[in-house]
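Chemist: Here is how the chains run, residue by residue.
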Amino acid sequence: MTTFIEVYNSTGWIVFSLSLMALVATAVAYKLTH
Amino acid sequence: MNTIFRILTWPFEAIGWLTIQLFLGVWWVFKAVFEILLRPFNWQKMPIPNWNEQMKLFAGAIDRVSTACLTTGVLGPTINEIFRINSVRPGEPPPHFEIAATNFYIWISSGIVLHIIARIVLSFMKEPTK
Numbered sequence: 398m399t400t401f402i403e404v405y406n407s408t409g410w411i412v413f414s415l416s417l418m419a420l421v422a423t424a425v426a427y428k429l430t431h
Numbered sequence: 329m330n331t332i333f334r335i336l337t338w339p340f341e342a343i344g345w346l347t348i349q350l351f352l353g354v355w356w357v358f359k360a361v362f363e364i365l366l367r368p369f370n371w372q373k374m375p376i377p378n379w380n381e382q383m384k385l386f387a388g389a390i391d392r393v394s395t396a397c398l399t400t401g402v403l404g405p406t407i408n409e410i411f412r413i414n415s416v417r418p419g420e421p422p423p424h425f426e427i428a429a430t431n432f433y434i435w436i437s438s439g440i441v442l443h444i445i446a447r448i449v450l451s452f453m454k455e456p457t458k
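Chains as they are written, first to last, in this note's numbering: chain A, 398 to 431; chain B, 329 to 458.
Keep in mind the hints are simulated off the structure, nothing from the lab. Fair warning: this is a prediction, and the values are worked out from it, not measured in the lab. Just so you know, not all the hints are guaranteed correct.
[Said to hold, decoys possible] Covered stretches of chain B, going by a simulated chain A footprint (3 or more residues, C-beta under 8 Å):
1) 343 to 355
2) 396 to 402
3) 432 to 440
We put the beta carbon where it would ideally sit given N, CA and C, even for glycine.
Please model the complete structure; the sequences and the hints are all you need to start from.
Modeler: Here's what the structure looks like:
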């Protein structure tokens with residue numbers, strides 16, 4: 398039985414990974430421009 | 329253990345996904361569409377005040393996403409647990425502590441990371457020339 402918050406959990410992992418990837422990309426762009 | 333493994337190996341998963349996308353040729357389609365969409369903006373010759381406003385707008389958009397993360401991941405489940413709005417099954421037990429704690433951790437840290445990204449994006453603003 399899947400509860401409401403467990404669905405959020407899997408979505409949260411995806412958002413978390415995407416935000417980390419975006420942070421790395423932003424840091425690389427900062428290093429390239431500064 | 330699985331959590332630590334996933335945190336440590338996400339770049340390899342991302343690289344594998346990118347390799348697959350390159351192999352499938354999705355990247356070239358994406359690049360062409362992106363260039364066509366961004367061509368009217370004329371990034372190279374954009375006046376500095378306009379560039380600064382673009383960066384402010386982009387940072388604000390990222391910061392709104394971070395607020396949305398907190399709303400969906402922290403406020404939403406909490407209010408759902410209090411009022412049981414979206415619980416389809418009545419009498420559904422509250423979530424396990426580990427699941428709820430992981431959920432909060434993921435969403436809160438995503439919001440913090442997105443806020444940091446917004447702050448870095450703000451640093452891309454240029455000084456106006458006299």
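Chemist: Name the hints, by number, that the structure is in violation of.
Modeler: As far as the earlier hints go, only 1 is violated by this structure.
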